[in-house]
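Peer 1: Spelled out from the first residue to the last, the chains are:
Number of protein chains: 2
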Amino acid sequence: MSKGEATRAAILDCALALSKQIGLEALSIGMLAERLSMSKSGVFAHFGAKEELQIAVLEEAQARFTEQVVRPALGAPRGLTRLRTLFTRWMEYSAASGEPGGCLLIQAAAEFDDKPGAVRDCLVRGQRQWREALSRAVAMCVERGELAADADCEQLAFEIFGLALAAHHDVRLFGEQAGRARALRGLERLLAACAA
Amino acid sequence: MSKGEATRAAILDCALALSKQIGLEALSIGMLAERLSMSKSGVFAHFGAKEELQIAVLEEAQARFTEQVVRPALGAPRGLTRLRTLFTRWMEYSAASGEPGGCLLIQAAAEFDDKPGAVRDCLVRGQRQWREALSRAVAMCVERGELAADADCEQLAFEIFGLALAAHHDVRLFGEQAGRARALRGLERLLAACAA
DNA sequence: AAAATAAACGAACGGTCGTTCTTTGTCAAT
DNA sequence: ATTGACAAAGAACGACCGTTCGTTTATTTT
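In order, the protein sequence lines correspond to chains R and Y. Those letters in the first sequence? Residues 1 to 196, by the numbering used here. Those letters in the second sequence? Residues 1001 to 1196, by the numbering used here.
Calculated directly from the structure, the hints in this document are not laboratory data. Misleading hints may appear alongside valid ones.
Below 20 Å or equal to it, Euclidean Cα-Cα: the simulated EDC-like pairs (lysine to aspartate or glutamate) are [what the hints assert, rightly or not]:
1) Y:K1050 <-> R:E25
2) Y:K1115 <-> R:E99
3) Y:K1050 <-> Y:D1013
4) R:K115 <-> Y:E1025
5) R:K115 <-> Y:E1176
6) R:K115 <-> Y:E1099
7) R:K50 <-> Y:E1025
8) R:K40 <-> R:E25
9) Y:K1115 <-> R:E25
10) Y:K1115 <-> Y:E1059
Over the 12 Å line for every Cβ pair with chain R, so calculated as not near, a few chain Y residues [claimed, not checked]:
11) M1001
12) G1030
13) L1036
14) S1041
15) A1063
16) T1066
Covered stretches of chain Y, going by a simulated chain R footprint (3 or more residues, C-beta under 8 Å) [stated by the list, open to error]:
17) 1013-1024
18) 1115-1129
19) 1179-1187
The beta carbon of each residue, even a glycine, is placed where N, CA and C say it ideally should be.
Taking the hints into account, I'd like the entire structure generated from these sequences.
Peer 2: Rendered as structure tokens:
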């Protein structure tokens, strides 16, 4: 790993932490430079444009999401077990205790939902992939007979997504940690209602 | 209504439309002045500080929410009918077709969930009130025997909130109008599962 | 060790930001 | 007609923004 790559990684790490708190748009190169004890131009040179920086941060966030949520669940057996793993990992990721700031992806979704451009495109792509992965995890439960054969996988994925959003909302805005437990209860109710 | 009051109302109306698209933080006084064919200082004078403007916009948004969602539902009979009215009005409000921009309150929740201050406080207050109103609407269903006596009202309000968030997410980010129908289906499933 | 490449710096640019202050209109009551 | 309060304009402020450019320092390759 060359020095340039190492610096770029350090910048991205800092930028990710920062934008989780203040958003991708409010993230500024000057601020980043100060935190890293670098010059503005030094930071800037690694990306060439602010939009490229935002995209790089977003892709890093999505990569980490995959790493921390999707990949561990692939180790769990298909079906309900995997679906539950996916969800609990998701809860842990989106409200990682200790460090400040919530889930960058949810934040970015609200920030860029009306702002056309490459950043939005990147986000939409990632979110669609994630939703499909979730939908597939539900479909596996149906295939294995753990959920009713007539269950609507996309509808279920939609509702599970809503539970996660609600948990994020409660934890972040109200500071109610109970939101996570609520979401888990919601998931169980959902699965029970669709049990085979 | 004095001239000053009229101008202030016009500013707020424009500011509300603008911040629904770009957010409360990105909303700038210069931009507002240009759209209204006014001077920056002329706009500024009505609020004295940007934070005051943000709070005024937020309170206006909350007032309109109450007007367009809560109040019409109070005209519906208590119980399931009122709860359904509340939800459908909510769907219509949060993704009002025609005009650009989504629900300012959801946007602001993501934007200010890690930004302490008067704006956040105002938002949290409003969101708590709304959640409680929702919870009370559920409780009325239980009281009237339309939902099971052991139903957890706050849990149900939490899950209903999640459905609305998911609908907003899908409509705004994916442009899938079907999100609203999905949310309605989710609500019906929820109510059916808790039927007395 | 020398040459070539990469990385970071520092200064400057045009712009926009929120904010302040002074001045100019514009009505209403006297 | 005069005064006085209010509304808006206009110019200026320091601060920060993203970006460009030329220079200097590190690192790598020959």
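Peer 1: Next, verify each hint and record whether it holds.
Peer 2: Status of the hints after comparison with the structure:
1. Y:K1050 <-> R:E25: holds, 18 Å
2. Y:K1115 <-> R:E99: holds, 14 Å
3. Y:K1050 <-> Y:D1013: Cα-Cα ~16 Å, so holds.
4. R:K115 <-> Y:E1025: holds, 14 Å
5. R:K115 <-> Y:E1176: Satisfied, since the Cα-Cα distance of roughly 16 Å is no more than 20 Å.
6. R:K115 <-> Y:E1099: Holds: K115 (chain R) and E1099 (chain Y) sit about 15 Å apart, inside 20 Å.
7. R:K50 <-> Y:E1025: Roughly 18 Å between the alpha carbons, so the hint for K50 (chain R) and E1025 (chain Y) holds.
8. R:K40 <-> R:E25: holds, 17 Å
9. Y:K1115 <-> R:E25: holds, 14 Å
10. Y:K1115 <-> Y:E1059: Holds, because 18 Å separates the two Cα atoms, which is no more than 20 Å.
11. M1001: holds, 32 Å
12. G1030: Correct as stated: the minimum Cβ-Cβ distance to chain R is 17 Å, above 12 Å.
13. L1036: Given a closest Cβ separation of 21 Å, the condition holds.
14. S1041: holds, 25 Å
15. A1063: A1063 (chain Y) is indeed farther than 12 Å from all Cβ atoms of chain R, at 20 Å.
16. T1066: Check passes; 19 Å lies beyond 12 Å.
17. 1013-1024: Holds, because 4 residues of the stretch 1013-1024 of chain Y bring their Cβ atoms closer than 8 Å to Cβ atoms of chain R.
18. 1115-1129: holds (count 5)
19. 1179-1187: This one holds; 5 residues, not fewer than the three required, reach chain R with a Cβ under 8 Å.
Of the hints listed earlier, there is not a single one the structure fails to meet.
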